[in-house]
Structure formats: structure tokens, C-alpha cells
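Chains U and V are the protein sequences, given in the same order.
Heads up, the first sequence is in my numbering, so the first residue is 1 and it goes up one at a time.
Heads up, the second sequence is in my numbering, so the first residue is 1001 and it goes up one at a time.
Because the hints were derived from the structure by calculation, they are not lab data.
Check each hint, because a few of them may be wrong.
[Stated by the list, open to error] Reference excerpt, derived from the structure (chain U facing chain V, CB under 8 Å, subset only):
1) Y32
2) M34
3) Y49
4) K107
5) K110
Glycine included, each C-beta is placed from N, C-alpha and C at the ideal position.
Okay, here's what each chain looks like letter by letter:
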Amino acid sequence: QKEVEQDPGPLSVPEGAIVSLNCTYSNSAFQYFMWYRQYSRKGPELLMYTYSSGNKEDGRFTAQVDKSSKYISLFIRDSQPSDSATYLCAMSEGRGGAGSYQLTFGKGTKLSVIP
Amino acid sequence: EAQVTQNPRYLITVTGKKLTVTCSQNMNHEYMSWYRQDPGLGLRQIYYSMNVEVTDKGDVPEGYKVSRKEKRNFPLILESPSPNQTSLYFCASSDWHGNIQYFGAGTRLSVL
Chain U
1 QKEVEQDPGP LSVPEGAIVS LNCTYSNSAF QYFMWYRQYS RKGPELLMYT
51 YSSGNKEDGR FTAQVDKSSK YISLFIRDSQ PSDSATYLCA MSEGRGGAGS
101 YQLTFGKGTK LSVIP
Chain V
1001 EAQVTQNPRY LITVTGKKLT VTCSQNMNHE YMSWYRQDPG LGLRQIYYSM
1051 NVEVTDKGDV PEGYKVSRKE KRNFPLILES PSPNQTSLYF CASSDWHGNI
1101 QYFGAGTRLS VL
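Kindly generate the complete structure, drawing on both the sequences and the hints.
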């Protein structure tokens, strides 16, 4: 069983729609959950960062973590064509010491927002 | 401006010809890492370094070498490149926390 599962899409939505992106994971030791955005021909950039369970909001973006279900989500409200990118979830145990710095990535979901 | 700089951005080479991809960060980060990104496989870690002179293998280290002689630099060395190392490579750095990693713009390597 793969550690992090993410639907690769592609996902195509009209401008203004609410977008929901999700990842599931199997390692119950994961404590840190990140969402990266990657534009074509660019490196991933950190979008949202959450520790443990709960919600975090930043402008049009909301990250949710449900550790009991091993499920994380990223919601994008009022989506814009500039949101068109590949979104990668990433997780780490963050225990401290060797190995704790390793991020496990999902394979990414490609999103297109159509004007 | 805080950044991770990789060079070159694009590289075409032939099998067996040694090459080095450089990576430099200006954020005084302890942690640096190399990834490769392939279609359908996502980002996979090659090597990482938690500080100067401290390196360790990631998930796919075969065929690669790294060194960390200075805090800001973390070059990736392919001593005898093969076609299966054709990929998009990313360098990343992070502070001690390790969970928030900043990525370079990538190096697209083709080995013929």
C-alpha cells in the first residue's frame, strides 16, 4: 500500500468554482501536512502548512486535516485561472533526529480553472 | 531575496559522461535535499543533508553522489549517467524544522 494517495486528475473547473483537493495516507505517525503548488516548468512552492488535526485558512485557501480518517483536504474558494497548476500534498513525521526531515509527497493533482 | 538556485536549468548529455548539478541557498538553512520528479512517480528523494559534512540516502540514491562541504552548497554528482536518469531534478532547503522546504526552479536532464 502506497503511503500517500492523491488523485492525479486532471481536474477542470469553471472560474469562481470551489475546488476540493484531497490526499489519504497510511502512516499514523505523520504530524505535519503541507500543500505545495507547482506551476508548469517551475519548482514546487509551499502553499499551506498544518500541524496535526484541524483547519487552517489563508485567503481563498483552506487546509483541513482529519488524522482519525488519515485524510487531508485543500479547498480553493472563488477559483481563478491563475490557480491552474499541479497541487502536491506532502507529509512528515517531524519527530526530530535522522529521517524526520523527510517529506512524503503525493503524486499531485493537475488543476485547470477555465475562464 | 531568499532563494534556492540550481544550475544548469537544462542539460543534455551522453551516457557515461560525468556531470554535476549545482545547488546553492542563501537562507542559511541547515537542511538540503535533492529530488527527482518523473511522470506517474511524483517527487522522490535522492539524498539529503542535515548539515555540513552530514549526508544520507533518500529513496532513490543509486547512481548519484552528493557532498556538503559548505552550508550553502549541495551539488548533485552523476559520475556515469545512464538514460534512466533522464528526469527533472529539484534541490530544496529548509531550516532546522525541516518540514517547510523551499525548492529551486529545477534542472531538466536528458541522458542520451
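Now the hints, each set against the structure:
no. : hint : result
1   : Y32  : 4 Å, holds
2   : M34  : 7 Å, holds
3   : Y49  : 6 Å, holds
4   : K107 : 4 Å, holds
5   : K110 : 11 Å, violated
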